[in-house]
Amino acid sequence: MKKQSSSFKIFSLSTVWLWLCVFALIPIILTLTTSFLTPDSNSIVKLIPTISNYLELFNPGYLRILLQSLYLATSCTLVCLFIGYPFAFIIARSQHQHKSLLLLLVIIPFWTSSLIRTYAIMAILKAKGILNTVLLAAGIIHDPLQILYSNTAILIGCVYDLLPFMILPLYANIEKLNQEYLEAARDLGANWFTTFFKIVIPLTIPGIIAGSVLVFLPAMTMFYVPVLLGGAKNLLIGNLIEHQFLTANNWPLGTAISVVITLLMGIFIIIYWRHSKEDDRESLT
Amino acid sequence: MNNNIIELKGVSKRFGNYQALTEASISIKNGEFITLLGPSGCGKTTLLRLISGFEKPDTGRIFIDGRDVTDLPPEKRHLNMVFQSYALFPHMTVYENVAFGLRCKKTAETEIQKRVLDVLRMVKLDQLAERKPNQLSGGQQQRVAIARAVVNEPIVLLLDEPLSALDYNLRKNMQIELKQLQRRLGITFIFVTHDQEEALSMSDRVAVMNEGYIEQLGTPKDVYEEPTNLYVAEFIGETNIFNTEILEIRDNKLMVEVEGKRFAFNNKKDLAEKQQIHVVIRPEDITVWGENEITHEESKNMLPGDVEQVIYKGSTVELIVRLPSGKKIAAAEFFNEDDEKLDYHITEKVWIDWVPGWEVILPHEETI
Numbered sequence: 001m002k003k004q005s006s007s008f009k010i011f012s013l014s015t016v017w018l019w020l021c022v023f024a025l026i027p028i029i030l031t032l033t034t035s036f037l038t039p040d041s042n043s044i045v046k047l048i049p050t051i052s053n054y055l056e057l058f059n060p061g062y063l064r065i066l067l068q069s070l071y072l073a074t075s076c077t078l079v080c081l082f083i084g085y086p087f088a089f090i091i092a093r094s095q096h097q098h099k100s101l102l103l104l105l106v107i108i109p110f111w112t113s114s115l116i117r118t119y120a121i122m123a124i125l126k127a128k129g130i131l132n133t134v135l136l137a138a139g140i141i142h143d144p145l146q147i148l149y150s151n152t153a154i155l156i157g158c159v160y161d162l163l164p165f166m167i168l169p170l171y172a173n174i175e176k177l178n179q180e181y182l183e184a185a186r187d188l189g190a191n192w193f194t195t196f197f198k199i200v201i202p203l204t205i206p207g208i209i210a211g212s213v214l215v216f217l218p219a220m221t222m223f224y225v226p227v228l229l230g231g232a233k234n235l236l237i238g239n240l241i242e243h244q245f246l247t248a249n250n251w252p253l254g255t256a257i258s259v260v261i262t263l264l265m266g267i268f269i270i271i272y273w274r275h276s277k278e279d280d281r282e283s284l285t
Numbered sequence: 286m287n288n289n290i291i292e293l294k295g296v297s298k299r300f301g302n303y304q305a306l307t308e309a310s311i312s313i314k315n316g317e318f319i320t321l322l323g324p325s326g327c328g329k330t331t332l333l334r335l336i337s338g339f340e341k342p343d344t345g346r347i348f349i350d351g352r353d354v355t356d357l358p359p360e361k362r363h364l365n366m367v368f369q370s371y372a373l374f375p376h377m378t379v380y381e382n383v384a385f386g387l388r389c390k391k392t393a394e395t396e397i398q399k400r401v402l403d404v405l406r407m408v409k410l411d412q413l414a415e416r417k418p419n420q421l422s423g424g425q426q427q428r429v430a431i432a433r434a435v436v437n438e439p440i441v442l443l444l445d446e447p448l449s450a451l452d453y454n455l456r457k458n459m460q461i462e463l464k465q466l467q468r469r470l471g472i473t474f475i476f477v478t479h480d481q482e483e484a485l486s487m488s489d490r491v492a493v494m495n496e497g498y499i500e501q502l503g504t505p506k507d508v509y510e511e512p513t514n515l516y517v518a519e520f521i522g523e524t525n526i527f528n529t530e531i532l533e534i535r536d537n538k539l540m541v542e543v544e545g546k547r548f549a550f551n552n553k554k555d556l557a558e559k560q561q562i563h564v565v566i567r568p569e570d571i572t573v574w575g576e577n578e579i580t581h582e583e584s585k586n587m588l589p590g591d592v593e594q595v596i597y598k599g600s601t602v603e604l605i606v607r608l609p610s611g612k613k614i615a616a617a618e619f620f621n622e623d624d625e626k627l628d629y630h631i632t633e634k635v636w637i638d639w640v641p642g643w644e645v646i647l648p649h650e651e652t653i
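Protein sequence lines, in the order shown, are assigned to chains A and B.
So for the first sequence, our numbering puts the first residue at 1; every next one is plus one.
So for the second sequence, our numbering puts the first residue at 286; every next one is plus one.
Please keep in mind that the hints were generated in silico from the structure rather than gathered at the bench.
The C-beta atom is built at its ideal place from N, Cα and C for all residues, glycine as well.
Hints may be right or wrong, so weigh each one.
Here are the simulated DSSO-like cross-link-like pairs (lysine-lysine), alpha carbons at most 30 Å apart as the crow flies [claimed, not checked]:
1. Lys341/B with Lys198/A
2. Lys361/B with Lys294/B
3. Lys341/B with Lys176/A
4. Lys409/B with Lys198/A
5. Lys409/B with Lys390/B
To give an idea of the interface, some chain A residues facing chain B are shown, with a C-beta separation under 7 Å as derived from the structure [unchecked claim]:
6. Glu180
7. Tyr181
8. Ala184
9. Gly189
Residues from chain B shown here face chain A by an in silico Cβ test under 8 Å; the list is partial [to be verified]:
10. Ser337
11. Phe339
12. Pro359
13. Asn365
14. Phe368
15. Ser370
16. Phe374
17. His376
18. Gly386
19. Cys389
Sequences and hints are given; from them, build the entire structure.
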């Protein structure tokens, strides 16, 4: 009996390790290695080690793309937070039977490929699209709005694709927020405004951070949204990587960009992690 | 003006299909320590939440200090509540928690500091003002919750089962502390509990509640010694209940047969002949006699039985005596110097009686 359970343990643990090695460790090693090799248009890479791929990233053109991507990801995260917070709050505070339905409505779009959903946004935003048709028919505008192929369109697309990643962690956090805190605040004479900003927001910081990380990271590297909604003119980090791999055929540069982005995100996560760890330690002493 | 600080007139509350409170009327005097006592689901917390303003009554009016507050939200009522889970804000220090109410009222920061430190000193927590709630023990958190409420100088303090999360010894200490605090502050305390011992030992008056009704409102002595119905008698303390009927009434004495013996009881409640009644006797009012302690003549007014169980409790011995009918009677005998023997053994034949007049006669109720 004991022997059986220990062999099962070895089997299950080794499966997990194997999985992680094949699908996480090896790809990371390959990426890292490639980023230090010399590009070659015939055989993808030449086995000559170099750091020139990383030096090339200091090119102002690439830095501009990085800043633009950071700007888009930050705006997207903020917009998601402002839309998602009230949304999550309403779901978490609604009656039980409505709750499941509302959550389902948030999740349903996930069942469709986000590429298809991005095409749907195109159909809505384009010059003769649904939005313009409705607004023109209603007489609100007289000339069609030129939203498609602009930064606004990219932002709309990103927010639409990533909003659920903001709503779900916020919902989980607000949902388990003890109702008695809110009642205690009111009992002590706090109005709605004070209760929200002094009690609800501070107590849902973990959800706000989790949601922001989940939105920020993919927003940095989404490549098809800028291509479809922004036209080719708005190049972002994701497009740059895609371009290096598929068009320029410069895999080492593409992997070097990926490594830098991964490190950047890693630093964000470590800062958040260290911060939350400190809070925990503080509360234990 | 009367000196009722809180008055409820015919207040009812329903949640969906569930009638939480039915036609509750209660007047609470200024400075009183009043306890709402009952099992879970009896409506005691609903009653407290109606007073605090977290629930709105379906019918009836609520008055605080003579003013109709039925439609006022909690933040506009001059009361404060101590929550069952304490609900201390985890991201604030003890000081900030206690200062929260005063800051909401835009009190000057210098005055806040003085009042917060005063109240923290009163609950002996001034040394821990900079701690976060989760760095405190249960008893300390409890004190912060009380400090956070009383610093606002409420005219009434509402306490929702505040001691239920504490262990036995700490609970005993907090009971005494709460009682002292109430005397010192001189304000009304409305205390919710399901613990009858807690209710009896702390309160000026107890409201015994059941299924949305206030069954009895009286001093601890009243509800214990003169329960108005079977529910109150059974809920508070242990009881022995005999179901029987009044055979006749002679000289305003009820002639009743209990377990085959005739008794004459005082008629305190204007009961009529042939009426079905319950005779209620507390275990500590029952005296148990050994076979050779009494004469044959004395045993004529006593009930015979066999000792079935002996539970030694230090200052008392609790007995279960089985009567010939099979009915089991609980009796509690106190040790005292001049007392006879108290070492009963199982299956021993005994006789039981009680001091006439200590029984409580209640009109018949259908029991479940």
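Each hint tested on the structure:
no.: 1; hint: Lys341/B with Lys198/A; verdict: holds (26 Å)
no.: 2; hint: Lys361/B with Lys294/B; verdict: holds (20 Å)
no.: 3; hint: Lys341/B with Lys176/A; verdict: holds (25 Å)
no.: 4; hint: Lys409/B with Lys198/A; verdict: holds (27 Å)
no.: 5; hint: Lys409/B with Lys390/B; verdict: holds (25 Å)
no.: 6; hint: Glu180; verdict: holds (4 Å)
no.: 7; hint: Tyr181; verdict: holds (5 Å)
no.: 8; hint: Ala184; verdict: holds (4 Å)
no.: 9; hint: Gly189; verdict: holds (4 Å)
no.: 10; hint: Ser337; verdict: holds (7 Å)
no.: 11; hint: Phe339; verdict: holds (6 Å)
no.: 12; hint: Pro359; verdict: holds (5 Å)
no.: 13; hint: Asn365; verdict: holds (6 Å)
no.: 14; hint: Phe368; verdict: holds (5 Å)
no.: 15; hint: Ser370; verdict: holds (6 Å)
no.: 16; hint: Phe374; verdict: holds (6 Å)
no.: 17; hint: His376; verdict: holds (5 Å)
no.: 18; hint: Gly386; verdict: holds (4 Å)
no.: 19; hint: Cys389; verdict: holds (4 Å)
Comparing the model with each earlier hint shows no violations; every hint is respected.
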